[in-house]
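**Student:** Chains as they are written, first to last, in the numbering used here: chain A, 124 to 533; chain B, 96 to 402.
Keep in mind that the hints were calculated from the coordinates and are not lab data.
Model, not experiment: these values are computed from the prediction.
Among the clues, some could well be false.
Lysine to any residue pairs mimicking SDA-like chemistry, simulated, CA-CA at most 20 Å apart [what the hints assert, rightly or not]: (1) B/205 - B/146; (2) B/399 - A/374; (3) B/402 - A/162.
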Amino acid sequence: MAHFDPNAKPFSHQWLNERLAIDTLKRVLSTEYWIPKNINFLWAMGMVLAATFGVLLISGIFLLMYYIPDTKLAFDSVNHTIMGEVGYGWLWRHMHGVAASVVFLIIYIHMFTGIYYGSYKRGRELIWLSGMLLFVTFSAEAFSGYMLPWGQMSYWAGMVITNLFSLGSLDFQGLVEWIRGDYVPGQAFLGRFFMLHVVLLPLVIMALIVLHFGTLRIPHVNNQDGEEIDFEAEAAKWKAGKRKEAKVIPFNPVFMSKDVFVLGIYFIFYFYLVFYHFEFAMDPVNFDPADPLKTPPHIYPEWYFLWSYEILRPFPKDPGLIAFGFAQVIFFFLPFLDRSPNVAPANRRGIFKYWFWILLVDMIVLTVMGKVPPMGIYTTIGTVAAWVFILLWVALPFITKMEKPIRGQK
Amino acid sequence: MKELKILAVVVFFTLVTYWGVEPYAHSVMHKHVEFKNFKYEDLKPIAAKGDPAKGQALAAACAGCHSIKAAKMPAPMDPVTASATYGVNPPDLSLAGKLLDEKYLAHFLKDPTHTALVAHKFKNRPYPMPPMATDDQSAADLVAYFKSIAPKEVTPKEAYEFACGRCHEMRYAKWTQIGEEPKTKPNIQTKMDEEKLKFQEKLAQYKDHLVKYMGKLPPDLSIIVRARSEDFLKTFVEDPQSQLPGTAMPRVGLNKEGYELVFKRLEEVGDPSKPKREAVGPWVIGYFIIFTFLAYLWYKSNWKGLK
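Chain A with its partners taken away, still in its complex shape (with noise of 0.2 Å):
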């Protein structure tokens, strides 16, 4: 049993100590939560999304108050009641819709950060699946959300995506109407997404955040070379007062004060979005009322889904369906596709160097490709793009197996 000081003051420094282990806690989880040196801004992501994360949800509980999940309502409770008759309701809006948008940018930007460094290796598997997961489900809770104002593309881009459960050919109608819940999307397939986005998913988020902390705890972030830091050696020489031969820096204030100054930039970026170009993130489309009667010219989703939407769209049905999986879930395994021991800026790492760069150019073209109409040369560039993102993917294993062990690395 623990020692219980009976004179000690309620919430006093001991007493707190005594039942909440206040100074063990915050050295594990901050000042000696270690961190290299040797890195760069881009380590700064994790702390951005978790604020944008933060900012969905603050503004997400003021919409909350004000939306009404009913088909007949649900538009003119977004767009007239949230967006002209509560104070700072637009406001509200506007930062929840564009924060939406960019927390996707910001993920994009996490991912190939973490793929450029080879961030996924030795001893990291869990954080990449861990990290792939929340973007798995952060595509759910932008999707659900979507369907909220039940505007024209909520509608028809409900009706499409809950269409591909019919997985193709196999043309399994039962299970489209058992997720909608109707022949069509209507009122129960409203009030369920609804409680999806607000609270099914928000609590998955919650927890594989935690978990995404958790498997970073051991292991550490990498850094800018990837190379093998003896984290207990390193902090040893940080307390002892070697602060600039240490490798290593605390969490907390040395990480946190530049995270902070990040978080900053991205903020002035952030409302700039916000007050003077939010119409990126809230499609014209959607200002037109839902309407069954009346399929738009143009159906797309939103920016963020565009690549994979696109590795659907140029093949015929099946085939098609098999690809779009493929791309959902091919992300998940690129840690054991990725044969080679080096874990190194992918710039040093011979042939990968050019596979990532492919890759990042392939997944912007396929995006774009994405939104266009598929006709003419923009059918041939997007059935190329998806090609050469399957082709990448099916040739990882056997070009990582070829590279060369960097000096240094087993």
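Assemble the complex: chain A is given as a structure, and chain B must be docked to it using the hints.
**Tutor:** For chain B alone, kept in the frame of chain A given last:
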């Protein structure tokens, strides 16, 4: 510095993606229609000089269907009865001389169907507006008359009601095709709002006539400024057929000032937060600039002597 190079790479790929999915993709998706600045160049200039007094005499014929409140001529019928007869309630003409293009109005009086670009809709039925001017001179006289009676100042709301409001409702501003929704209260005993129900009955009848006339109910324009681009709206109003071939929407013939007033109305109803946004934006961004500056000092003090 290395970090700035990395930032440049990130910004570059972000901007390329943005350019591709926004300006570029939209330029491919939406056909380009040249904006002609409400000049109506397809219509020949009218050389005749109008005489308002002669126009006034001719305008007596207009009052058979239209009200001209500026000249104290009341509407011959209420909106619902008028819509049963004509399909849509004919507009009050007080503002015609102010908001409509002079040349357009003259041509419209001579040949309404072709000037409004609705001939395709009236092949087998007569257009409710008959030609009212037999030659350029009488058209010019009528135009001169309408210009002489038009008020100097027109509000955006009045412009909207004149140009759009008899076909397009605007529920966020409580505007219906037959006027503003009356403020009514339900009976405290029965919980029924009889007056409102009566109004709605009239509105239902009007909409019924309107749908028969137009082919479908013209859309509510409450937030059309968010649903369509500024470029689409002005080119569409200038020439509806250019953007939506075959549409029943007539060319209204607004002049530049008239369109600007209408657009102002669309904007104040469809994007009411614009003034607040512009007021609050600099403060929030200013806050974060100061925040970032302080954070930079904190960062520098922590990283001093580390490298």
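**Student:** Of the hints given before, which are not true for this structure?
**Tutor:** Of the numbered hints, all hold.
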